[in-house]
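Asker: One-letter residues, chain by chain:
There are 4 protein chains.
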Amino acid sequence: MNELKKQYKHKPRDEKEVRNMKSRLHRMVGQLNGIEKMLDEGRYCGDILIQISAIESALQALGYMVLQDHLETCVREKVKEDDEEVMKEVLTLIRKLK
Amino acid sequence: MNELKKQYKHKPRDEKEVRNMKSRLHRMVGQLNGIEKMLDEGRYCGDILIQISAIESALQALGYMVLQDHLETCVREKVKEDDEEVMKEVLTLIRKLK
Amino acid sequence: MNELKKQYKHKPRDEKEVRNMKSRLHRMVGQLNGIEKMLDEGRYCGDILIQISAIESALQALGYMVLQDHLETCVREKVKEDDEEVMKEVLTLIRKLK
Amino acid sequence: MNELKKQYKHKPRDEKEVRNMKSRLHRMVGQLNGIEKMLDEGRYCGDILIQISAIESALQALGYMVLQDHLETCVREKVKEDDEEVMKEVLTLIRKLK
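Just so you know, the sequences run in chain order P, X, R and H. Here this note's numbering is used: the first residue of the first sequence is 2, the next is one more, and so on. Here this note's numbering is used: the first residue of the second sequence is 2, the next is one more, and so on. Here this note's numbering is used: the first residue of the third sequence is 2, the next is one more, and so on. Here this note's numbering is used: the first residue of the fourth sequence is 2, the next is one more, and so on.
Since the hints were derived computationally from the structure, they do not count as laboratory data. Do not take every clue at face value.
As the list makes no split between identical chains, a pair holds if one copy fits it or if it spans any two.
[Stated by the list, open to error] Simulated crosslink set (DSSO-like; lysine-lysine; CA at most 27 angstroms straight-line): (1) K81 - K12; (2) K38 - K79; (3) K17 - K89; (4) K12 - K89.
Chain P extracted, bound-state conformation (with noise of 0.2 angstroms):
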């Protein structure tokens, strides 16, 4: 990515949301960490696929996170600033996330 095209969020994310956020960032890397030595004990299939499903689950989760944080403000503020484009860029957004 651009360096130059960082962006940054106007208005500071809540300081208890931002510690929500990261402990589930970090079980989320335990977790796979976890499937890592399931491949070293080879252990079965339908285990590794259930584990997947459930750090499938816990990224969708984090990601409606982020949204919803980003609806209630970055998106609020710019539809006050009668901004044309935001809502496409939303639609985007949600297209992407599964």
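We have chain P; now place chains X, R and H onto it with these hints.
Answerer: Below, chains X, R and H alone, put in the same frame as chain P:
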């Protein structure tokens, strides 16, 4: 998970495939750590959501990889042994994956 | 659904867009009837599944179309009226769509 | 689709299951017609999206039904005949379904 219920793959996974899977897991861990950094930097929600969606795709690709291996080995074997339950199990796994 | 709870769109939909949406609905009805015919002919499961997946994509595309219209009109309006609940409703709808 | 490429199911589907599938198809056609009526009445986008999501779920359920039947019959048979390609085909179908 009950330790006693741990199941193992009958035929060991191909070494090259395990290496491939592990390198995918490592990349995803890197991407999750990247999101933590983005939160620390107060990066734009849209950028974080794009990153989450990239990990979702990577996870889904890994899931399909494990599923394909499962179908080609465990499931194929069980069908040949006239296991009546294996296809129900496959469908349950498919429904869990995104 | 409770007849009394029926809600209406404040600003009417664009006529051309309604025609577009209806023609998509008709095409999907045709595709569903096509599946019925395939069942009568005893067609191969794989062929039927490909047809189902085509309707899923068509339905998803229609959903995004209605969602985009919703975001650009109803949601935009409600944000401007400082409606506190509208983004929660949007997120609930997004979670329901595939 | 090429008429010559039409494939047929080797073992006919269970009559009761075909009736079940057809009644699901008819219900979905009814739901699509319901959306057309909602468009004519200028109904709220949120209500239409909930209806679309209901059809998506119904379609997905039908897809899983056909897939289960496929796994239990065609796929099982082909595995027993040592067909090398069948699992690749299954995975392609799974990836297409939502």
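Asker: Okay, which hints does this one fail, numbers in order?
Answerer: none
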